[in-house]
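Given these sequences and hints, build the entire structure.
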Amino acid sequence: DTGVSQDPRHKITKRGQNVTFRCDPISEHNRLYWYRQTLGQGPEFLTYFQNEAQLEKSRLLSDRFSAERPKGSFSTLEIQRTEQGDSAMYLCASSFGDGGTGELFFGEGSRLTVL
Amino acid sequence: AQSVAQPEDQVNVAEGNPLTVKCTYSVSGNPYLFWYVQYPNRGLQFLLKYITGDNLVKGSYGFEAEFNKSQTSFHLKKPSALVSDSALYFCAENQFYFGTGTSLTVIP
Numbered sequence: 030d031t032g033v034s035q036d037p038r039h040k041i042t043k044r045g046q047n048v049t050f051r052c053d054p055i056s057e058h059n060r061l062y063w064y065r066q067t068l069g070q071g072p073e074f075l076t077y078f079q080n081e082a083q084l085e086k087s088r089l090l091s092d093r094f095s096a097e098r099p100k101g102s103f104s105t106l107e108i109q110r111t112e113q114g115d116s117a118m119y120l121c122a123s124s125f126g127d128g129g130t131g132e133l134f135f136g137e138g139s140r141l142t143v144l
Numbered sequence: 366a367q368s369v370a371q372p373e374d375q376v377n378v379a380e381g382n383p384l385t386v387k388c389t390y391s392v393s394g395n396p397y398l399f400w401y402v403q404y405p406n407r408g409l410q411f412l413l414k415y416i417t418g419d420n421l422v423k424g425s426y427g428f429e430a431e432f433n434k435s436q437t438s439f440h441l442k443k444p445s446a447l448v449s450d451s452a453l454y455f456c457a458e459n460q461f462y463f464g465t466g467t468s469l470t471v472i473p
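So the sequences go chain by chain: Z and B. Residue numbers for the first sequence follow my numbering, beginning at 30 and rising by one. Residue numbers for the second sequence follow my numbering, beginning at 366 and rising by one.
Treat the hints loosely; a few may be bogus.
Said to hold, decoys possible - The calculated lysine to any residue pairs, modelled on SDA-like cross-linking and capped at a C-alpha distance of 20 Å, are:
#1 Lys442/B - Ala379/B
#2 Lys414/B - Gly126/Z
#3 Lys434/B - Thr130/Z
Hints were generated in silico from the structure; no laboratory data involved.
Following this line, the structure appears as structure tokens:
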């Protein structure tokens, strides 16, 4: 199965530490998205890439958050100086095509707990 | 601002009965609308989408949804519910706006 994979699946860290999540999309997909999901809420859009270009960032994405997709393949999401409010599930998804008509294929998420 | 609303946090239905999970959207023009399902401890899975054309779209696992422009709705439906349909359902407008989800429980 070559679906979307995310690593690590779980991360526990202390407040103030930096964390990095990795996402490997489906290989032929040109778009890659990051979301945050908390209990009882739907996924909240953070940012997305088309190939290696980061095309849009949500206002939710503070300057402590940075995402890259250096060669248009895998992506990383880094959170610097973590805060307890960053505790959430971070979801990655990929899709194929332009214009926003392609359905999303999600990974199983990376759960972050900030102590 | 664009948004998607799922007015029901929880829907319970008896096995074999028809089910409806409601969704309304706020974007003007021609929206791209999606339904996703999330089973416990699993990632979200695509069910169906409306991009253009026929207002009734059919998707995976026997689900369908009807796009209603006058009511700005995109309700998810299934004629006969299965216990295995119990899951969390999310409506989305394009790739950016998700509803808060509706937990569906199908009672045997």
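Results for each hint:
1. Among the hinted pairs, Lys442/B with Ala379/B is consistent with the structure: their alpha-carbon atoms are about 14 Å apart, no more than 20 Å.
2. Distance hint between Lys414/B and Gly126/Z is fulfilled; the C-alpha atoms sit about 15 Å from each other, no more than 20 Å.
3. For the suggested pair Lys434/B and Thr130/Z, the alpha carbons sit about 18 Å apart, so the restraint of at most 20 Å is met.
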